[in-house]
Amino acid sequence: KKKKKNVFEFQGHLLIGYIYSETDNYDINWTTPFCVMTLRFIGLVMDIYDGHKPADELKTYQIQTSIKKSPNLLEIAAFGYFFCGTFAGPLFTLSRFRSFVAGEFLDSKKEVRISGLMPSLGRFVMACFYIIIYQWGVLWIPNEYFNSPEFFEGAAILAGIAYNGKDLKGNDRWDGVRDVHIKRWEFGLDFQSVIDSFNVGTNTFAKNNLYRRLQWLGNQ
235 KKKKKNVFEF QGHLLIGYIY SETDNYDINW TTPFCVMTLR FIGLVMDIYD
285 GHKPADELKT YQIQTSIKKS PNLLEIAAFG YFFCGTFAGP LFTLSRFRSF
335 VAGEFLDSKK EVRISGLMPS LGRFVMACFY IIIYQWGVLW IPNEYFNSPE
385 FFEGAAILAG IAYNGKDLKG NDRWDGVRDV HIKRWEFGLD FQSVIDSFNV
435 GTNTFAKNNL YRRLQWLGNQ
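Residues 235 to 454, numbered by the working numbering, are exactly what the sequence shown covers, in order.
In short, the hints are calculated from the structure, not lab data.
We put the CB at the ideal spot given by N, CA and C, even for glycine.
Possibly wrong hints are sitting among the right ones.
[What the hints assert, rightly or not] Label-pair restraints from in silico Cβ distances:
1. K441 / A311: 36 to 46 Å
2. S342 / C269: 14 to 24 Å
3. Y283 / N437: 20 to 30 Å
4. D401 / Y254: 21 to 31 Å
5. K303 / K441: 22 to 32 Å
6. F425 / A336: 33 to 43 Å
7. C269 / K303: 41 to 51 Å
[Claimed, not checked] Computed cross-link-like contacts, EDC-like style, restricted to lysine to aspartate or glutamate with a CA-CA straight-line distance of at most 16 Å:
8. K302 / E291
9. K302 / D290
10. K441 / D430
11. K417 / D406
12. K400 / E338
13. K400 / D341
Based on the provided sequences and hints, a complete structural model is requested.
Below, the structure written as structure tokens:
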């Protein structure tokens, strides 16, 4: 009951914040990071719930993110306020955060992989590029939020939490917390391309924690 109460307190606080800070424009204010934090903690509750269920009752995506050992208050705070994903995302699970803290993404010398430097700078440059495009064409391209995920993804890559194993050629992959696939977003030809390429973390959260868990409702 206490856990349910905490979830409703976070959601209620966020809802009240939306009501009192609502304007006719697309706003970036304190409700933005609070929304990200609320989604992150909702996902955490779901993962802990999965971790206390028998393994044969879980699907593959649930097994990958389930939490068998519940975090203490300090770990919850570290997870919720981690600087790479506090203000505008990206969303990631506690299991990924634990792997990051345990040093599983480090190289053989227990240091942050140097291969992440150029991808991190690349996301930073793209973020700056979109800021310039926005400032130049603000009347035609009202897309002020687009640059934010790029900055924070660059920070996540540089910190190491975005490490995602190696590709078929043996090169390090740094798309573990990617929120925007720029080429697919810019050159996609259908609505599915938009879903697959923008706000990826939130879309994955909604797919795993809402749609897949509510399949028993059918098409209702």
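Okay, the hints, checked on the actual structure:
no.	hint	verdict
1	K441 / A311: 36 to 46 Å	27 Å, violated
2	S342 / C269: 14 to 24 Å	39 Å, violated
3	Y283 / N437: 20 to 30 Å	21 Å, holds
4	D401 / Y254: 21 to 31 Å	47 Å, violated
5	K303 / K441: 22 to 32 Å	26 Å, holds
6	F425 / A336: 33 to 43 Å	39 Å, holds
7	C269 / K303: 41 to 51 Å	27 Å, violated
8	K302 / E291	14 Å, holds
9	K302 / D290	14 Å, holds
10	K441 / D430	12 Å, holds
11	K417 / D406	20 Å, violated
12	K400 / E338	13 Å, holds
13	K400 / D341	12 Å, holds
Hints 1, 2, 4, 7, 11 from the list above are not met by this structure, while the remaining hints are.
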